[in-house]
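Protein chains: 2
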Amino acid sequence: MKAYALLGGPTDLWPQNIQAQFRQAQAQGDLIIGVDRGSLFLEELGIIPDLVVGDFDSLQKKDLAQIENSVADIRYSNPVKDWTDTELMLQTAFRDYAIQNLTIFGATGGRIDHFLTNLWMILNPAIRSFASRLTFIDQQNLIKFFNPGRHTVTKKEIYPYIGFASLTSIRDFNIIGARYKLKNYSGDYPRVFASNEFLTGHEQFEISFAKGMIAAIYSKDVDRFHNLS
Amino acid sequence: MKAYALLGGPTDLWPQNIQAQFRQAQAQGDLIIGVDRGSLFLEELGIIPDLVVGDFDSLQKKDLAQIENSVADIRYSNPVKDWTDTELMLQTAFRDYAIQNLTIFGATGGRIDHFLTNLWMILNPAIRSFASRLTFIDQQNLIKFFNPGRHTVTKKEIYPYIGFASLTSIRDFNIIGARYKLKNYSGDYPRVFASNEFLTGHEQFEISFAKGMIAAIYSKDVDRFHNLS
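Protein chains in written order, with UniProt numbering: chain A, 1 to 229; chain B, 1 to 229.
Don't take each hint at face value.
Which copy is meant is left open, because identical chains are indistinguishable; a pair holds if it fits in one copy or across any two.
Taking lysine to aspartate or glutamate pairs in the EDC-like style, the calculated list, with each CA pair at most 16 Å apart, reads [as the list claims (entries may be wrong)]: (1) Lys181 to Asp82; (2) Lys155 to Asp57; (3) Lys183 to Asp82; (4) Lys155 to Asp63; (5) Lys211 to Asp50; (6) Lys144 to Asp55; (7) Lys144 to Asp50; (8) Lys220 to Asp172; (9) Lys183 to Asp55; (10) Lys183 to Glu43; (11) Lys220 to Glu197; (12) Lys156 to Asp221; (13) Lys211 to Asp188; (14) Lys155 to Glu206; (15) Lys156 to Asp50; (16) Lys183 to Glu44; (17) Lys181 to Glu197.
Hints are computed from structural coordinates only; laboratory data are not their basis.
Construct the entire structure; sequences and hints are all you get.
Quick look at the structure:
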């Protein structure tokens with residue numbers, strides 16, 4: 001089973017077709033998950049989630065009541081806790097629902113401590129084993145995660161750029177067959193290799209590394225600039 | 001001398017009073033710096049920067065000509081390079097201009113590989129010595145950086161939350177006298193301690209750590225949510 005989750009990040013960073021993506025997923029029988037305020041956003045989009053996780057303490061009573069009256073599986077988290085709502089959601093989805101992969105919206109933007117919490121939860125040893133089955137999507141980025149080994153990276157049409165972020169120290173990182181190659185890079189601290197591209201006419205290239213964790217960040221330019229005049 | 005720099009990130013994430021901040025800085029004789037497209041944004045705000053750095057290859061010819069005709073010090077970077085434009089700017093500002101501290105706007109949001117490049121350049125050994133003199137500001141976040149040692153963290157009125165992000169592995173991290181305390185935390189990978197707060201009536205608390213690099217992320221909630229109905 002596939003799953004799609006909506007977190008509580010700024011809605012102005014959603015991809016434009018988010019409602020259609022959730023509708024199509026639900027029609028296909030995929031698992032729909034809301035995390036905290038993301039649960040309410042789903043209902044406002046006309047999508048009843050199958051599972052919601054959160055402490056919900058930022059929601060108004062009537063909004064929480066609406067969720068409690070409509071959602072089949074509600075997991076209440078403890079506001080003072082070691083696990084974030086999103087980590088609890090991942091545990092629930094992969095263990096209790098045995099999902100195969102999960103696409104997450106609403107994880108980026110807004111408060112930077114929240115964004116980094118979402119990005120770095122991948123490094124939590126309890127989450128790391130799911131990392132290769134997670135995808136983050138926002139208005140102009142798609143992020144996939146790689147554990148050590150050799151991996152094929154596949155082109156996604158709407159994203160002209162692909163950057164690689166080593167989230168920790170890394171050993172023997174290679175980028176093979178992309179526009180910008182890299183050979184046996186090792187580094188003791190996080191670093192980004194930004195703005196790589198697929199070679200013309202090529203749909204994939206390879207990466208490999210011996211130790212660490214890589215986030216592959218597909219991205220596109222979006223005209224979000226105010227008229228300054 | 002103080003300095004203020006504008007990078008090329010999305011303008012819709014600027015703090016609302018950015019034009020007033022740059023005008024006041026320029027009136028005080030502070031150094032005004034544009035990096036790549038940020039140089040053009042400054043001119044569109046009616047501010048002629050003192051120094052610009054970039055390869056400028058995303059600018060139209062007439063826009064580059066306007067910059068070249070108005071700015072006293074232009075540093076052209078090589079598009080294929082080890083140093084990013086922003087790293088080159090930091091070197092120039094701290095070494096050639098001997099600035100004391102630097103506030104950076106336009107470093108967040110948009111393409112996540114760009115944002116992480118800006119955040120993680122702090123870890124570059126050539127930049128790390130300037131880290132404690134840098135501040136990033138956007139619409140809802142203010143970030144300061146700490147090298148190992150004991151530090152006083154001071155309240156900033158408009159930000160109710162403060163999170164601490166260990167950008168690398170960390171040793172013996174303590175948070176003393178804040179709402180959520182932490183004692184002798186050590187960890188092998190990056191982690192965020194989000195949503196801390198100053199105690200009521202207190203304007204400061206202490207942090208200390210023996211090894212690593214901490215980003216202190218001051219933040220506030222901003223209503224950036226679409227009307228979904």
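So, going through the hints one by one against the coordinates:
Taking the shortest Cα distances, Lys181 and Asp82 sit within 16 Å of each other only across copies (13 Å), while inside one copy they are farther apart (40 Å). Taking CA atoms no more than 16 Å apart as the test, Lys155 paired with Asp57 passes in neither setting, with 41 Å inside one copy and 25 Å between copies. For the identical chains of this complex, Lys183 and Asp82 are inter-copy neighbours only, at 15 Å across copies versus 39 Å inside a copy, given an alpha-carbon limit of 16 Å. When the C-alpha separation of Lys155 and Asp63 is checked against a cutoff of 16 Å, the pair qualifies neither within a copy, at 40 Å, nor between copies, at 33 Å.
For the identical chains of this complex, Lys211 and Asp50 are neighbours neither inside a copy (37 Å) nor across copies (44 Å), given an alpha-carbon limit of 16 Å. For the homomeric pair Lys144 and Asp55, neither the shortest alpha-carbon distance inside one copy (27 Å) nor that between copies (30 Å) is at most 16 Å. Proximity of Lys144 and Asp50 under a CA criterion of 16 Å is satisfied in neither setting, with 24 Å inside one chain copy and 40 Å between copies. Taking the shortest Cα distances, Lys220 and Asp172 never come within 16 Å of each other, neither inside one copy (28 Å) nor across copies (40 Å).
Taking the closest pair of Cα atoms, Lys183 and Asp55 never come within 16 Å of each other, the shortest separation being 46 Å inside a single copy and 26 Å across copies. For the homomeric pair Lys183 and Glu43, neither the shortest alpha-carbon distance inside one copy (48 Å) nor that between copies (41 Å) is at most 16 Å. Proximity of Lys220 to Glu197 under the C-alpha cut-off of 16 Å is restricted to the intra-copy arrangement: shortest distance 11 Å within a copy versus 36 Å between copies. Proximity of Lys156 and Asp221 under a CA criterion of 16 Å is satisfied intra-copy only: 14 Å inside one chain copy versus 33 Å between copies.
Proximity of Lys211 to Asp188 under the C-alpha cut-off of 16 Å is found in both arrangements, the shortest distances being 11 Å within a copy and 13 Å between copies. In the homo-oligomer, the alpha carbons of Lys155 and Glu206 lie at most 16 Å apart inside one protomer (11 Å), although the nearest pairing across protomers, at 47 Å, exceeds that limit. Taking the shortest Cα distances, Lys156 and Asp50 never come within 16 Å of each other, neither inside one copy (29 Å) nor across copies (41 Å). With identical chains, the CA atoms of Lys183 and Glu44 are never at most 16 Å apart, being 48 Å at best within one copy and 42 Å at best between copies.
In the homo-oligomer, the alpha carbons of Lys181 and Glu197 lie at most 16 Å apart inside one protomer (10 Å), although the nearest pairing across protomers, at 45 Å, exceeds that limit.
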